[in-house]
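Protein chains in written order, with the working numbering: chain D, 1 to 241; chain S, 1 to 243.
Worth flagging that the hints you see were computed from the coordinates, not collected in a lab.
Model, not experiment: these values are computed from the prediction.
Treat the hints with care, as some may be off.
Claimed, not checked - Stretches of chain S that chain D covers, calculated by requiring three or more beta carbons in the stretch to come under 8 Å of a beta carbon on chain D:
no., region
1, 187-201
2, 212-219
As the list claims (entries may be wrong) - From chain D, some residues computed to sit far from chain S (all C-beta separations above 12 Å):
no., residue
3, Arg-25
4, Gly-74
5, Gly-205
6, Thr-231
7, Leu-233
8, Val-234
Cβ coordinates follow ideal geometry from the N, Cα and C atoms, glycine included.
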Amino acid sequence: MGTFAGKTVLVTGGSTGIGNAAARRFLAEGARVIVTGTRVSAADYAGTDGDLAGIEYHQLDQGDLAAVAAFDPGVEQLHALVVSGAKVAYKRAEFIPETFADVLATNLTGPMALAMKFRAALAAAKGSIVFVGSVASFKGTIGQPAYSASKGGLLTLTRTLGQALGREGIRVNLVAPGLVRSKMTAITWEHPDRLAATERQVPLGRIGEPDDIAGPIIFLASDAARYVTGTSLVIDGGLSA
Amino acid sequence: MNGLNNGSWARGKSVLVTGGTQGIGKAVAEQFLALGARVTITGTRTRVECYDEPPEGVTYIQADLTWPEARAEVAAHIDNLDVLVNNAGRGSANEYEQEEFEHVIDTNLNAVMDLSVRLHPLLKATRGSIINVGSLASFLALKETPAYTASKAGLLGLTRALGDKWAPDGVRVNLVAPGFIATRMTEGARTNPEREKKLMRAIPMQRWGEPDEIASAILFLASPAASYITGQSLAIDGGLMLR
């Protein structure tokens, strides 16, 4: 019997990377797992690091408020909402206001819309929300003003919703990964010199893997963390220690 | 997969919990025992039977860790270690008196440094981890207990420094920061309806925490599920620090 047997979990951005690693773990713990991704169908993730076997897939652009409003995965009780979907723009594109707004829509406004959409279902299950922040929730990232602002915003959103939803029995927490091997960060880890330079800075001597973040997400969503709310957990191999 | 429910990772592991006779320390000892770990605890009384309901099935060492001799003796007893939980701590009603201030710092901070350094070689051998029990006082001022506050804030800095220093050895060092937990230390407030009402207003989850709720976070940080986490702190406070 898994710790999530009989429970329902929704992971946005759960088709690849950290979100998929978390979804796989929830599945192994016995949960009904629903994920969202940007592609039309689960089959479109063939050849990625994502494994959607046993998982319910829905296409959703979480930065589109109308799409979030129309999204209906068929849940009355939701035990965990994990918001892992996010985007980032490179080559100084985030300095262009339209791109900035677009990144904020996906990384911050969308997560808030999802939290409000599933508030009643979460309250009914005494469930919890886990936002996937970043070490960029705490410090600047020189080339990504939108990504950094959105992740910093998620941190204070976590704290505010922790206050606001506590009485409804909904816990709200954030994980803050350091550099993790995923599609979004390939620009860093696929380059041997950049990878070596990064790993030299990490006390534990390696970049993170999606599963390094999945374990803490499951923990925060589980009963083992039932008195934990409004907090953030940094998972970065000691980089910011 | 290192599932949370599947505690097989802890089976046969050697765990030392300082101050493991009551409250949070006792809950930690019992949760590790339930997963099949070998648990040693320390307490200040002569024998473990001197406590009301001590954990069963543990090895007990009498030690007031305030004193270097006691720390040396504890370290000498341990020949294999996977997890060190630095839980023993104290507060005092007279922390504005210098002697008391120093006494509290000795127990809550200096003892943790000394014991951790003494046991580091054993933890390095097993690629084990340390969990320090901090407090909301690691982050906020408790004005009536300056020594407790300084010691717990110091413990946060110590956690970061040791986390960085010992990461190359594969030894992770983290801290849990409990809020108001239903233990002997908070009995005064819990039995005073006025004070309790005031405290509960400050907690979004509107209740006291239980020792088991801190223990489960400590077990998580000690587990392979937390293998990329070091030098960090985790607040377990029902949202108290949000206000």
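Checking each numbered hint in turn, tell me which of them this model violates, lowest number first. Violated hints (numbers, rising): 1, 3, 5, 6, 7, 8; every other hint is consistent with the structure.
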